[in-house]
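**Q** All chains should be built: construct the whole structure from the sequences, respecting the hints.
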Amino acid sequence: MITLVIVLKVLVDKRMIFNTLKKNLEPYVGVPAEYFKICRYFDECSESECSCLLSQLVSYEDGEKLWIEIGRALRNGEFTVKLHQFSLDSAEGKFLFEWIVSEDMTVGQAKKEILAEMKRRYNIEIPYERCRLREKCFVSPSKVLLDHQKFKDFQYYSQFEMIVQELPDKDPVTNSNQVIIFVRRWTNFISKIHLGPPQEIVLDETTIEEMMKKLSLISDIPEKYINIIRGKGSVHMPIIRIENDQDWIGLTAGMEFNPEDGALFLYRYHNEIDSRETSQSSSQEEYNDIAIREVSPFLPLSSASRYNARKEKALRIYLDGE
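Residues 1 to 322 in the numbering used here are what the sequence shown lists, from first letter to last.
It is worth saying that the hints were derived from the structure and are not from the lab.
Just so it is clear, the structure is predicted and the values come from calculations on it, not from any experiment.
Keep in mind that a hint or two might mislead.
As the list claims (entries may be wrong) - List time: in silico PhoX-like cross-link candidates among lysine-lysine, alpha-carbon distance up to 25 Å:
(1) Lys192 / Lys224
(2) Lys192 / Lys170
(3) Lys213 / Lys224
(4) Lys232 / Lys94
(5) Lys119 / Lys82
(6) Lys23 / Lys65
(7) Lys37 / Lys23
(8) Lys112 / Lys170
(9) Lys192 / Lys232
(10) Lys82 / Lys143
(11) Lys170 / Lys143
Claimed, not checked - Have a look at the derived ranges for each label pair, beta carbon to beta carbon:
(12) Thr252 / Arg120: 27 to 37 Å
(13) Lys82 / Leu54: 23 to 33 Å
(14) Phe154 / Thr206: 13 to 23 Å
(15) Val5 / Pro32: 32 to 42 Å
(16) Glu98 / Leu217: 37 to 47 Å
For each residue, glycine too, the CB sits at the ideal point set by N, CA and C.
**A** The structure is reproduced here in structure tokens:
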């Protein structure tokens, strides 16, 4: 496929407003100004659409390059979001598409439009009441956006990204004071480490007592025998190295506890009388084994099958002249 790029050099007065520049470019682009957008690239990983049509060109430098893209230009109060699909059952997050929302639009309105577009493009059909929109923070889902909220209520940037998440039932998150976190069960039984599947729990209060109560409901472990530790990495590919067994904490009344949305916690059964789950320290070899088990489902079959932590050998590199 051959892509044709046309370079146009223009001389402008810096007092000119951006809307006037777009009008003057219409004959060269071939479509009305409202059907193309001009993007400004700051670096290889960052770009921004020039959407403030009444601003002057004083911030632009001589020789600066702008890109013209066919598509509806942003109006005042609008911005573009990148949408990704997320599932607890799969680590393969999927980029869906970009979508335009306005500051005065509610999350519920945007959700209806996004679900219709997903059905049209990919034949993915998610019931409205079982769909959740969340902010995307790096690679992980973060704060849940509630249907009645408006986008002007959020702090967003030029690269605002959202997660589309399908739920098994109606969303239990109903107010902005609730916090939703990811948990995985850590089992160290007869020197065999195992991580359970990812689960979500919704905290109505950000207290250690509330978290232990919710963990007890999903695990049938008495609250007083649950230990937790803050996880690292992503929910599907956590960093499972635990340096110190003392880092695990149990139910302590009044302890300061401030989890944020999307945080990952590991939990374990710890009963000093009933030793069904041994708390002995694990060797580096055991950590390597569990790391391979966690990562291998998401690697190509050939890579996962060839790698064996027990057969690692040092590689010596010789330089010319040695």
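**Q** Now look at each hint and say whether the structure bears it out.
**A** For each hint, the structure was consulted:
Under the criterion of a C-alpha separation no larger than 25 Å, the hint pairing Lys192 with Lys224 is consistent with the structure, at around 23 Å. Distance hint between Lys192 and Lys170 is unfulfilled; the C-alpha atoms sit about 37 Å from each other, more than 25 Å. In summary, the hint linking Lys213 to Lys224 is supported, as the alpha carbons are separated by about 10 Å, within the 25 Å threshold. With a CA separation close to 22 Å, the supplied pair Lys232 and Lys94 stays within the 25 Å bound.
Distance check on the hinted pair: Lys119 and Lys82 sit about 17 Å apart at the alpha-carbon level, within 25 Å; holds. At roughly 18 Å between alpha-carbon atoms, Lys23 and Lys65 fall within 25 Å of each other, so this suggested pair holds. Among the hinted pairs, Lys37 with Lys23 is consistent with the structure: their alpha-carbon atoms are about 12 Å apart, no more than 25 Å. The suggested pairing of Lys112 with Lys170 holds, with an alpha-carbon distance near 16 Å, which does not exceed 25 Å.
This hinted pair checks out: Lys192 and Lys232 have alpha carbons roughly 21 Å apart, not beyond 25 Å. Taking the CA atoms of Lys82 and Lys143, the gap is about 16 Å. The hint holds against a cut of 25 Å. Only pairs whose Cα atoms come within 25 Å are accepted, and Lys170 paired with Lys143 is accepted, the gap being roughly 17 Å. At roughly 52 Å, the beta-carbon separation of Thr252 and Arg120 lies outside the given 27 to 37 Å, and the hint is violated.
Range check, Lys82 to Leu54: Cβ separation about 26 Å, and the 23 to 33 Å hint holds. Distance hint check for Phe154 and Thr206: the Cβ-Cβ separation is about 20 Å, which falls inside the suggested range of 13 to 23 Å. Judged by the Cβ atoms, the range 32 to 42 Å given for Val5 and Pro32 is violated: they are separated by roughly 22 Å. Taken as a hint, the range 37 to 47 Å holds for the pair Glu98 and Leu217, whose Cβ atoms sit roughly 39 Å apart.
Hints 2, 12 and 15, counting from the list given before, are not met by this structure.
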